[in-house]
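A.B. asks: Chains as they are written, first to last, in the numbering used here: chain F, 8 to 146; chain W, 8 to 146; chain L, 8 to 146.
Mixed in with the good hints, there may be bad ones.
Copies of the same chain are indistinguishable here, so a pair counts whether it falls within one copy or spans any two.
[To be verified] Below, in silico cross-link-like pairs of lysine-lysine (DSS-like), each with a Cα-Cα straight-line distance of 30 Å or less:
no., residue 1, residue 2
1, K136, K13
2, K137, K13
3, K137, K42
These aren't lab readings, by the way, just hints derived from the structure by calculation.
Each chain, letter by letter, is given below.
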Amino acid sequence: MRTHRKELWFNIPTRRAFLNITPQVEVCLRESGVKEGLALVNAMHITASVFINDDESGLHRDYEEWLERLAPHEPLDRYRHNLTGEDNGDAHLKRQVMGREVVVAITEGRLDFGPWEQIFYGEFDGRRKKRVLVKIIGE
Amino acid sequence: MRTHRKELWFNIPTRRAFLNITPQVEVCLRESGVKEGLALVNAMHITASVFINDDESGLHRDYEEWLERLAPHEPLDRYRHNLTGEDNGDAHLKRQVMGREVVVAITEGRLDFGPWEQIFYGEFDGRRKKRVLVKIIGE
Amino acid sequence: MRTHRKELWFNIPTRRAFLNITPQVEVCLRESGVKEGLALVNAMHITASVFINDDESGLHRDYEEWLERLAPHEPLDRYRHNLTGEDNGDAHLKRQVMGREVVVAITEGRLDFGPWEQIFYGEFDGRRKKRVLVKIIGE
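Let the hints inform the model, and build the full structure from the sequences given.
C.D. replies: Here it is as structure tokens:
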């Protein structure tokens, strides 16, 4: 069994954003030499998500507005978590809706995807360095 | 290490539905010959889900109504994604709540489930052929 | 390839609670002897979650209130599922928001976590014995 590990680092200049990280995950997969197995891709921070959906800017704006309705950033005192001095209570909730991780099948050395599947990093509390873990196992 | 891959195809006649796919996943597991390992089951489309919950028709109607409240199908112009000519903006949101994938333990050649766990395909934009990937690794 | 399986049992005295189970998962990992691989941690019940987030009591109260807004426990007749004689319709919905499972990378014999990641059992219909499955594969 082979395993391969890599961290992808980001410094998103805005509080929230969605970033297509499929090309970086494909580079990890090539580096791993794994032809058959599984790739785990997870946010290492608890105010960010990794998820799979469509690379369409209108959809991303829909997600942004929808998440803001489900878990508004303000007023800050809406969240007890913000009593700790943080202002990211909403980000911990948004991340649960969008998810922490994806597991992707690897077949014949490629990410085994349907026609529109792309991997995104979802940032809900940016403006600082944060990272994603890629762990590949297989042979 | 053994791996096994199979696609399950569906053509749901309605826009939305929940389908118990546990028997098909069990067939894949028997075909794989894997006794100890992991099974990944994921929607290959971004307007559908794979999730684990109860096979109870009242619950499924509760899910349907709840998701429709969280992300209504209409009015279509509620979603920027629909400006692309699609009418499935809501389906991309519903899928995030219900999830893309499940990972299931395989123990002694069986899906290692609690008493009520069943695997479902959740369709949110049906009336066309779509598929689920089953990828099994182990030995 | 090595595999290791363990059930963690809980009997939460209240209907809802969040419990940090990271120490128990770390014990499983040590028992497994796996140095490189993946750990699957999943609720074996469909009214409970396993998720990764922050061990901060204010955040947990935010989750509690937020989930109660998204899927209120009462009135019980809000949910068709409760017509079966159950009173846990809401719990099946809350569990979908928080998720069934996490998959965690294992690197150099440790859970490969970012600075604040902790694994939680989320109970939404407690006051009885329920369990979580830990399945570890790797070498």
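A.B. asks: None of the hints should be skipped; say for each whether it holds.
C.D. replies: Evaluation of the provided hints:
{"no.": "1", "hint": "K136 with K13", "verdict": "within (16 Å within a copy, 36 Å between copies)"}
{"no.": "2", "hint": "K137 with K13", "verdict": "within (14 Å within a copy, 33 Å between copies)"}
{"no.": "3", "hint": "K137 with K42", "verdict": "both (29 Å within a copy, 25 Å between copies)"}
Violated hints for the displayed structure: none, as all numbered hints are satisfied.
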